Amino acid sequence: MLTTVGQFDATPDKAANIEAAAALVEQAAAQGSRLVVLPENAMYSDPDPQADIVPHTEPLDGPFATAIGTLAERHGIAVVAGMTESPAAEGERPSNTVLAVDRKGDPLGVYRKVHLYDAFGYRESDRVQAHAPAPLLFTLEGITFGVMTCYDLRFPEMARFLVDAGATALVVPAAWVVGPAKEDHWTTLIRARAIENTAYVLASGQTGPVCTGQSLIVDPMGHVAASAGEAPGVASAVLDAARVEAVRARNPSLANRKFRVAFG
137 MLTTVGQFDA
147 TPDKAANIEA
157 AAALVEQAAA
167 QGSRLVVLPE
177 NAMYSDPDPQ
187 ADIVPHTEPL
197 DGPFATAIGT
207 LAERHGIAVV
217 AGMTESPAAE
227 GERPSNTVLA
237 VDRKGDPLGV
247 YRKVHLYDAF
257 GYRESDRVQA
267 HAPAPLLFTL
277 EGITFGVMTC
287 YDLRFPEMAR
297 FLVDAGATAL
307 VVPAAWVVGP
317 AKEDHWTTLI
327 RARAIENTAY
337 VLASGQTGPV
347 CTGQSLIVDP
357 MGHVAASAGE
367 APGVASAVLD
377 AARVEAVRAR
387 NPSLANRKFR
397 VAFG
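Quick note: the sequence shown uses the working numbering, first residue 137, plus one each step.
Hints in this document: simulated from the structure, not taken from any laboratory.
Be aware that a few hints might be false.
Here are the in silico distance ranges between beta carbons for each label pair [said to hold, decoys possible]:
no.	residue 1	residue 2	range
1	Arg210	Val190	29 to 35 Å
2	Leu138	Arg210	30 to 36 Å
3	Arg290	Asp376	24 to 30 Å
4	Leu138	Glu209	16 to 22 Å
5	Arg290	Leu138	47 to 53 Å
6	Pro316	Arg210	21 to 27 Å
7	Asp188	Ala151	15 to 21 Å
8	His359	Ala317	43 to 49 Å
9	Val374	Glu155	27 to 33 Å
10	His359	Glu277	30 to 36 Å
11	Ala166	Gly227	25 to 31 Å
Here are the simulated DSBU-like cross-link-like pairs (lysine-lysine), alpha carbons at most 35 Å apart as the crow flies [said to hold, decoys possible]:
no.	residue 1	residue 2
12	Lys318	Lys394
13	Lys150	Lys240
14	Lys150	Lys318
The structure presented is a predicted model; accordingly, all values stated were derived computationally and were not measured.
The beta carbon of each residue, even a glycine, is placed where N, CA and C say it ideally should be.
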């Protein structure tokens, strides 16, 4: 199955973000891809840590989610994209949410970020609420995808949680902020999550100037199958369920482990 990671620089201009997302979805579908992964905060992104994002949030039936569903149906491709979801109740903070829709535009589910980016001088928890782990899994053509977001990548327990739930591919929408060694961390962690879980990883990051870009598709042995580089655009690679089975037979690290991940 051909899959795609798409990347662009999301801004506070929602209309421009949807236009950019539409171009990437169209490009992926034209290649014959069955799934395209767009970055974290694809709906709206303001790098100012003091900015009030609440007025710009949307519900899961709002304009952005509706547009993503329409794009998926129009082009016949499943889409995963990040958004900032409206607070569930007055006084609560918004959620950093990833939505997934199938090729007909129907919901496959949502994931709300568990690990908030309180690191490298930034405090995401000042603006967004963290959620308890709840796996978002969906299956396309024999591949089961498990979804997490950006900073979650630094926590191997999150990836293992999804693999234990049945994932054979990990999907990681991100806005990986630039900084010393950050690009190296990004590529190293993506490959590590693939190798230790013998799973594909599809990681889609926002591009510069704020973020690193470098969206990747990595296979279960840690080989980079596709890279989007620094500029806005797409990268595509074929995922094969038989490849996962073959790697897990040769390197049965999941079967050989002595520990289990427990959440509470």
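Tested hints:
1. Arg210 <-> Val190: 29 to 35 Å: Since the Cβ atoms of Arg210 and Val190 sit about 31 Å apart, the hinted range of 29 to 35 Å holds.
2. Leu138 <-> Arg210: 30 to 36 Å: Violated, at about 18 Å.
3. Arg290 <-> Asp376: 24 to 30 Å: 28 Å, holds
4. Leu138 <-> Glu209: 16 to 22 Å: 19 Å, holds
5. Arg290 <-> Leu138: 47 to 53 Å: Taking Cβ atoms as reference, Arg290 and Leu138 lie about 29 Å apart, which means the hint is violated.
6. Pro316 <-> Arg210: 21 to 27 Å: 42 Å, violated
7. Asp188 <-> Ala151: 15 to 21 Å: Because 20 Å falls inside the window, the suggested range holds.
8. His359 <-> Ala317: 43 to 49 Å: For His359 and Ala317 the Cβ distance comes to about 23 Å; the hint is violated.
9. Val374 <-> Glu155: 27 to 33 Å: 28 Å, holds
10. His359 <-> Glu277: 30 to 36 Å: 21 Å, violated
11. Ala166 <-> Gly227: 25 to 31 Å: Hint violated: Cβ distance 45 Å, outside 25 to 31 Å.
12. Lys318 <-> Lys394: 32 Å, holds
13. Lys150 <-> Lys240: It holds: about 23 Å lies between the C-alpha atoms, which stays within 35 Å.
14. Lys150 <-> Lys318: Holds - the C-alpha atoms of Lys318 and Lys150 are around 27 Å apart, at most 35 Å.
When each numbered hint is compared with the structure, violations occur for hints 2, 5, 6, 8, 10 and 11.
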